[in-house]
Amino acid sequence: GPKVLQIPSHQIIDMGQMVTLNCDPVSNHLYFYWYKQILGQQMEFLVNFYNGKVMEKSKLFKDQFSVERPDGSYFTLKIQPTALEDSAVYFCASSFWGGSAETLYFGSGTRLTVL
Amino acid sequence: QQQVRQSPQSLTVWEGETAILNCSYEDSTFNYFPWYQQFPGEGPALLISISSVSDKKEDGRFTIFFNKREKKLSLHITDSQPGDSATYFCAASANSGTYQRFGTGTKLQVVP
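Protein chains in written order, with the working numbering: chain H, 1 to 115; chain D, 1 to 112.
Everything labelled a hint here was simulated from the structure, so no lab data went into it. Predicted model only: the values in this text are computed from it and were never measured. It is possible that some hints are incorrect.
For lysine-lysine, the following DSBU-like pairs were computed, each having C-alpha atoms within a straight-line distance of at most 35 Å [claimed, not checked]:
hint, chain 1, residue 1, chain 2, residue 2
1, H, K57, D, K56
2, D, K107, D, K56
3, D, K107, H, K3
4, D, K71, H, K3
5, H, K53, H, K78
6, H, K78, H, K3
7, D, K72, H, K57
8, D, K71, H, K57
Partial chain D-side listing against chain H, Cβ under 8 Å, derived [said to hold, decoys possible]:
hint, residue
9, Y32
10, G41
11, E42
12, G43
13, A45
14, L46
15, S85
16, T87
17, F89
18, A94
19, N95
20, G97
21, Y99
22, R101
23, F102
Listing some non-contacts, in silico: residues in chain H with all C-beta distances to chain D over 10 Å [claimed, not checked]:
hint, residue
24, D14
25, M15
26, G72
Idealized CB from N, CA, C, for every residue including glycine.
All chains, full assembly: derive it from the sequences and hints.
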């Protein structure tokens, strides 16, 4: 099936540093999402993105977070500066159509550890 | 505020038994309910979904039962197999929304 690639799979950084998580979505998909998962359980929506713009973001999407997809390349999540509570697994997802009834295709996640 | 809840948090069944995973929601505007299956080290993958116009959806060994009045769903996995061992997420969304809200997840273990 369609594949979403996330790079890197693991990232360890010191608190206060900047980190960029990269996502290579399914090639013809137009809508992109970031979710945050803690302790292998709760999947929390962070943000979605279409046509170069954020469509909607949750309260978890703090001011230190930003997303972009320059020139159709990677869809990135940047955290600057990082905090201890940002430690989690971040999942990127994409879909062809927008709207809430679309099938989301998820990557394997990036495990972020903030020390 | 947790808008989508799942129970139990974890479930162990014997191979061949039927596993029943429960989900409930609060927002009456939710009308689409996908279930995702997640294996360790992987992202969630769509397993089966139902819209609010139906009360049952079946796909092989997997069946969703939906009770709109009580705002409850359940996923039944018949003839459970060890390969079904995974975490299952119920999600919900509304026509007016732009994203799916995930539940708290149920970790299923199927013992041979």
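Open item on the list: Is the interface hint satisfied for F102/D? The criterion is a beta-carbon contact with chain H at less than 8 Å.
Closed with: holds, 4 Å
Open item on the list: Just to be careful, I want the Cα atoms of K107/D and K56/D compared with a cutoff of 35 Å; is the pair within it?
Closed with: holds, 23 Å
Task: Restraint check for K71/D with K57/H, where alpha carbons must lie at most 35 Å apart - done: holds, 26 Å
- [ ] Identify whether the interface hint at G97/D stands, where standing means a beta carbon of chain H within less than 8 Å of its own.
- [x] holds, 4 Å
Open item on the list: Tell me if the interface restraint on Y32/D is satisfied: Cβ within less than 8 Å of some Cβ in chain H.
Closed with: Cβ of Y32/D sits 4 Å from chain H, so the hint holds.
Task: Restraint check for K71/D with K3/H, where alpha carbons must lie at most 35 Å apart - done: Given that 35 Å is the threshold and the Cα spacing comes to 33 Å, the pair holds.
Task: Interface hint for L46/D, Cβ within 8 Å of any Cβ on chain H - done: holds, 5 Å
Open item on the list: For K72/D and K57/H, compute the direct alpha-carbon distance and say whether it is at most 35 Å.
Closed with: holds, 27 Å
TODO: With chain H as the partner, please determine if T87/D meets the hint condition of a C-beta pair closer than 8 Å.
DONE: holds, 7 Å
TODO: Identify whether the interface hint at Y99/D stands, where standing means a beta carbon of chain H within less than 8 Å of its own.
DONE: holds, 5 Å
Task: Restraint check for K53/H with K78/H, where alpha carbons must lie at most 35 Å apart - done: holds, 15 Å
Task: Interface restraint verdict for G43/D against chain H (beta-carbon cut-off 8 Å) - done: holds, 3 Å
The structure fails hint 15 only (numbered hints given earlier).
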